[in-house]
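A.B. asks: Take a look at the letters that make up each chain.
Protein chains: 4
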Amino acid sequence: QKEGERLFIIDVDCGVDDALALMMLFAAPRARVLAVTCTFGNTSLQQVCSNVLRVLAICKQTEVPVYGGAEASLLGDVISATHFFGLDGLGDVAVVPGQEPPPSQDQLQQEPAALALIRLAKQWPGKINLVAVGPLTNLALAVSLDSSFPSLLRSVYIMGGNMEGRGNDSVSAEFNFFADPEAAFAVLNQYSCPLHIASLEFCSSQVLPWDFFETCFACGSEKATFVQRIMEFCSTVSKSELNMGWAPCDCFAVAAATEPGFIEASEEVAASVELAGHLTRAQMVVDWKGRWPNKRKIRLFTRCDVTLLKKLLTNMMR
Amino acid sequence: QKEGERLFIIDVDCGVDDALALMMLFAAPRARVLAVTCTFGNTSLQQVCSNVLRVLAICKQTEVPVYGGAEASLLGDVISATHFFGLDGLGDVAVVPGQEPPPSQDQLQQEPAALALIRLAKQWPGKINLVAVGPLTNLALAVSLDSSFPSLLRSVYIMGGNMEGRGNDSVSAEFNFFADPEAAFAVLNQYSCPLHIASLEFCSSQVLPWDFFETCFACGSEKATFVQRIMEFCSTVSKSELNMGWAPCDCFAVAAATEPGFIEASEEVAASVELAGHLTRAQMVVDWKGRWPNKRKIRLFTRCDVTLLKKLLTNMMR
Amino acid sequence: QKEGERLFIIDVDCGVDDALALMMLFAAPRARVLAVTCTFGNTSLQQVCSNVLRVLAICKQTEVPVYGGAEASLLGDVISATHFFGLDGLGDVAVVPGQEPPPSQDQLQQEPAALALIRLAKQWPGKINLVAVGPLTNLALAVSLDSSFPSLLRSVYIMGGNMEGRGNDSVSAEFNFFADPEAAFAVLNQYSCPLHIASLEFCSSQVLPWDFFETCFACGSEKATFVQRIMEFCSTVSKSELNMGWAPCDCFAVAAATEPGFIEASEEVAASVELAGHLTRAQMVVDWKGRWPNKRKIRLFTRCDVTLLKKLLTNMMR
Amino acid sequence: QKEGERLFIIDVDCGVDDALALMMLFAAPRARVLAVTCTFGNTSLQQVCSNVLRVLAICKQTEVPVYGGAEASLLGDVISATHFFGLDGLGDVAVVPGQEPPPSQDQLQQEPAALALIRLAKQWPGKINLVAVGPLTNLALAVSLDSSFPSLLRSVYIMGGNMEGRGNDSVSAEFNFFADPEAAFAVLNQYSCPLHIASLEFCSSQVLPWDFFETCFACGSEKATFVQRIMEFCSTVSKSELNMGWAPCDCFAVAAATEPGFIEASEEVAASVELAGHLTRAQMVVDWKGRWPNKRKIRLFTRCDVTLLKKLLTNMMR
Ligand SMILES: [Ca+2]
Ligand SMILES: [Ca+2]
Ligand SMILES: [Ca+2]
Ligand SMILES: [Ca+2]
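Residue numbers (my numbering), protein chains in the order written: chain A, 1 to 318; chain B, 1 to 318; chain C, 1 to 318; chain D, 1 to 318.
Hints in this document: simulated from the structure, not taken from any laboratory. A hint or two may mislead.
One copy or any two copies: either way a pair holds, since identical chains are not told apart in the list.
To be verified - Derived EDC-like pairs (lysine to aspartate or glutamate); straight-line CA-CA distance at most 16 Å:
| id | residue 1 | residue 2 |
| --- | --- | --- |
| 1 | Lys310 | Asp211 |
| 2 | Lys289 | Asp169 |
| 3 | Lys295 | Asp146 |
| 4 | Lys289 | Glu201 |
| 5 | Lys297 | Asp146 |
| 6 | Lys239 | Asp211 |
| 7 | Lys223 | Glu100 |
| 8 | Lys2 | Glu264 |
| 9 | Lys295 | Asp77 |
| 10 | Lys289 | Glu268 |
| 11 | Lys122 | Asp146 |
| 12 | Lys289 | Glu241 |
| 13 | Lys239 | Glu214 |
| 14 | Lys310 | Glu259 |
| 15 | Lys311 | Glu259 |
What you are looking at is a predicted structure, and each value in this text was computed from that prediction instead of being measured.
Start from the sequences and build out the full structure, keeping to the hints where you can.
C.D. replies: Following this line, the structure appears as C-alpha cells:
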C-alpha cells in the first residue's frame, strides 16, 4: 500500500450501472482495486464474470484479479432481471472486434469470491473498503465462513435497500435486497464495520437527464462509445416509460466510497430487513425513532453533490 | 337532509386528538353528524364512550346518538396506548363539576356500532361521509355483516396507516393500523367507495408549534380550557421528547372531510396492509408504481393548507 | 327447555357432509335445534341458505329459523370449493318437484347470523351447544360484536383444523380453517367455553367404506334417496381418486355433541392457528408439550366409536 | 476405496446423541469415514470440535480429519441448547486423565468444513454418503459455494425436521431445523441427490427404555463408561420429566445409512420448510397428497427395526 493509497474491493452483478461503477472506481485517484468479485443478479454469474472482464479490458485493467461467487441466493433462487439491462446485463450489444479490446480470460481466478474476500481481508486487516453493488450473497457467505471477516474491513459501501418502502423490484423492495433478502439481513445484522448505504430512494432522487449522458458520449472516446452502446437498451426502455433521465445507482456507492465530499447529508440509524412479509419481503426497515437502542447503527445517505457526480462520470469516460 | 347540508358519522377511539376532531366536526358549517361510533384504541371501549359523551357535553351536542363498538381487534387483541394520552385517553384530568357540563348517559345507545353504521347507511344511501380516526374494527365488522355497506357510503376519510414505512407504534406501522391490522386490510381491500387517507407521515409533516396552541387557549372559553387541560399530559410528554410542537392527527381527516380547500395535493394509488411481516406487520404498503393495475385506487393526501387547519382549530375552541 | 332436552345451534356451509350433519342432529333424541346459521364455504352464502332450507324440508323441520351470515372471510376472501361437492355444494342435483318436498322460504330470517347467535345465547345463558361445521366467520363476528358471547355458551363443537399438519385444502391446512384463518384464530384464542374439535386427521382416520353407504341407501326412504342423489357427485370424484370410502367429516362433530359415548379418547391441549406462514397459513398448531402453560386448553378428539357413527347414519336415513 | 467399502462424511453438532452416532458409524463394518465436519448447534462450534476430538480418541480414530464449520446460522443466530445435554453438549463431565485417552489437536484441520465437503465430493464423485445430524448450515454453505456439490454425492442422510408438526425446540419445529431454518430450506430445495430423513416423530416413536442403556453400560468397557458418564446429565433431566427412556435421534440416521435392513418403511414425498410463520417457523412441511407434483421427492422414514438398533448400540460400546 503506497502512501495515500486507498484499497478497494468491488462486488458486482455487472449490469450497466455496475459497468459505470467499475469505470468510476478505476478512474478514482489513489484508489487501488485489489479484486473484483462477481455475483449473480442482473444476469447469470457466468455472464457477470464475462461482463466484468469486458469492462476491465475497456479500462485497461488487465491485472486486477476477478473472482466468481454466488450463482443464486442463499435459498437457491435466481432473480429475473432482463427487462431493463437486457439478457446479458449490458444491453445485448456484442463485443465487436476492433471496436473493443478483447477481454482477457486469464484474469478470472479459481478461488471462490467469498474465500478471496476473507483471504484479502486477512492480508490487509483494517485497510479494505468493500463496495457492494449487487445482491449481497457473497458478503453473507464470507461472514458465515469466517465470522471475523467484517471486523477486518475498513468500511462497506452498499447500493441496495430502500428507506421509504418504495420498491423497484416488488411493491416495497429494492432489486439487490429482493434478489437475496436473507443475505441482506445477514449483512445488516452481522457486519460490525462502518456500513454505508445508498438506498434506492436516495439514488432515485438524483436522476441525471438524458442530455447529460449525450454530452458525456460526445467526447467520442473508446469508453464513451462503449457506455453509449451498452446504455442504448436501457435508455430506450426508460424513455418509453417517460422517464426524464436515469440514475446509475451503483455509481452513487462508488462516489461515496471514493470522494469525501460527495455525501452531503446522512442519518445514523439502525436498520434490518423484513424476511417474512407477504407484501414487504426484502424491504429494508429503518428504525428512525430509536426503538432498537441496542442495535448497531448504519449510515444512510440522504443528500449528495450531484454536480460532483456528473463531473466524475464525465471525466471517467474521457 | 336540508339543502346544502352534509351528513357525517365519525368513528373514534377518543384520545385527545379524537376529542379535537369531534370538536372540529361539530364546528363545521352545514355538517350534520348522524352518529358518533366508538372503538377501543387509545383506551378501553368503555372509557372511549365516556370520553365521547364528555366531549359532546362540552360541544352542547346532547342529541347526537353515540354507539359502542369493538372492544378488541378482530383477532382479540387490545393495544396499550397510555404513554401519550394517559390512562383515560384524555390526559387523566377528571371531570370537575361546575367546570364542565355533566356528560349525558342517555346518549349512549344499545345498538352496536357496526349495526348502527349499516342501518344509517341504508337510511341515507350515498349520502354519508364516514370519518374514521381510530382502529378500523367497526368498519371491518360492518362490511363483514353486510357486504353492501361500503357501496352505500358517499366517502370514507381515514386517519391511519403510513406511506413511507415510518411507524409510531412499531418501527414501521402507525397506531390505528397496528391496533387492528386485519381490520385495516379489510377496509383497504373491501371498501369500494371513495377512500381518503391522512397517513401518519402526512399528518406528522405538519406539526403545529406549541405557541400556536397557547394562543388558542388564551381565549379562555370553556372549550379552550377543556382542551388545555386534556392536552397537558401529552404536551408534557411531547416536550420531554424535545418535540417542537404537535400534530393533532385526527383533525386532518376531519378538515379534509369538511373543508374542500384543505387538501392541496394527493396521490391516487392502490394500497394494502402487510399482515405477515415480523418487522412490518400493519405497515400500509403503497403501490406507487402501478404494479397492481387491477386494484382499486385510494387517495393519499400529500399536502394541505396548514393555515386553514390553524384557523379551524382556533375558531372551534372559541 | 323441557326436562332432559338439550339445546343446539348449528352453523353450516351446507355441502354434502353438512347436509348429513343436519339430518343427524335433527334425528338426535332430546336435541332441540334453536337455529341453523349459515356461512359461505362449500358454496356461496345464498346457495348455502337454499341448501339448508332444502335439507330442512326433507327433515320436516319447517319451524326451525335459518339465519344468513358471512358472505366472505374477515379479510374479504371467498374460497373456491366446487371440486368435491359440485357448484351448489350438494352435488348439482336439482330439486325435483314431487321427489322432494318444496323448501320453505319463510324460514329464512332477516336478522344476521352473528346477531341471532348473540341474542339466543343471552336468552338461554349456559344452555346452548353450538356445533360449527363451516368456516368460523360467524363465530368470530359474534365474539367481536359481544365479547361475552362465548361465556354464555354451554359448549362449542367444531369440525375444522388439523393436528398433524396434514391439510386438504392446502399442503398443511384444513378447508374450514383455510377458508377463514383469522376467524379460526379468533375462536381458538377468544372462546372461553368448553371447545371440542374434530380435526381433519381425526375424521379422516375413520373413512366409511362405499358399501356401507350403499346399505344405507337400500332402505329407499325419501331421506336415503336424497342423500344418494347429493352424494353421487362426490362419490364419483372420490372413487376416481381411488379412495376406498368417505368420511362425512361434519357428522363427527354432531355425533360428538349429541352422543356421550361417541368420543372414546381425546387430548386436552392448547392450540392456535398460524396466520403468517407461506406454506402453513391456516394450519392449526397444537401445543402437545405444554409450552404455552397459560393458554386455555381445548379438547381434541383422537378416537371414536365408528360403529355408533354408522348406526346413527343408518337410522337417520330411514 | 477398497472393494465393498462405503465412504462417509458425518456432519455433527456434537451433543450426546452425536457422540453415539459417531461411535456407531466408526463401528460399522466396511464404512470408511473420510471426514468429520463440525457445526454449531448443541453447543458452540469450538466446543463441538473439542467434543468430536474427544469421541474420536475414545474410538481410536486419530487419523480421521476434523473440520470446523459454521459458528452460527445463515442469518447469524446461535441457538441455546444447554437444557438437555449440558453446557458443553456432553453432559459437562470433564476429560479425566487416565480414564479417557487424551484428544489429539492435530486432527483439527485449517480448511473450513464447507470447502472440505466440496473438495472431497470432487475427489470421490458419486461415492460419498453424507450423514448430517446437526443444523444444516455447512451443507447450505457448500451448495451456495458450489451448486454442483449435491450432484456429486451418493446420498444424504439427515436427522432433522418433523413430519406431523410436533416440535421439540418450538411448538412445531425440530431442533436442528429450528437452529437454521434457512439452511434446512436450502438443503430440501437444492439437494438433488437421494435425500433420506429421520424426522423427530420417527425417532421419537422408538424410545429406548432406561434399562436397555443400563445393560449396555454393564460391559464396563472404556466406551461404555464414557457413554454412561456423558449420558448422566440428560438421563437425569429426562427422568425428571417422567420419560420412560430416550431416543438417541442421531443414531437413527447413522443406522439408516449403514445398515440396509434398518429402515422397514418409508414414504417418498416432496417436502419443504416454513420460513415465515409466527408459530411454525422451521417446521418441515410435507406434501403428503402430491400437490407439488414438480418438486423432487425425498424419503421420509416411517418404521425401523428397533431390535437391530439396540444390537448396534450394544455392540459399539463393547
Ligand atoms: Ca448492480
Ligand atoms: Ca384516534
Ligand atoms: Ca361443512
Ligand atoms: Ca445432533
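A.B. asks: Run every hint past the structure and note whether it holds.
C.D. replies: We went through each hint and held it up to the structure:
no.	hint	in the structure
1	Lys310 x Asp211	within (12 Å within a copy, 45 Å between copies)
2	Lys289 x Asp169	between (27 Å within a copy, 10 Å between copies)
3	Lys295 x Asp146	neither (21 Å within a copy, 33 Å between copies)
4	Lys289 x Glu201	between (19 Å within a copy, 13 Å between copies)
5	Lys297 x Asp146	neither (22 Å within a copy, 33 Å between copies)
6	Lys239 x Asp211	within (12 Å within a copy, 49 Å between copies)
7	Lys223 x Glu100	within (9 Å within a copy, 69 Å between copies)
8	Lys2 x Glu264	neither (28 Å within a copy, 58 Å between copies)
9	Lys295 x Asp77	between (29 Å within a copy, 15 Å between copies)
10	Lys289 x Glu268	within (11 Å within a copy, 28 Å between copies)
11	Lys122 x Asp146	within (11 Å within a copy, 23 Å between copies)
12	Lys289 x Glu241	between (36 Å within a copy, 11 Å between copies)
13	Lys239 x Glu214	within (14 Å within a copy, 53 Å between copies)
14	Lys310 x Glu259	within (13 Å within a copy, 45 Å between copies)
15	Lys311 x Glu259	within (12 Å within a copy, 49 Å between copies)
In summary, the numbered hints that this structure violates are 3, 5, 8.
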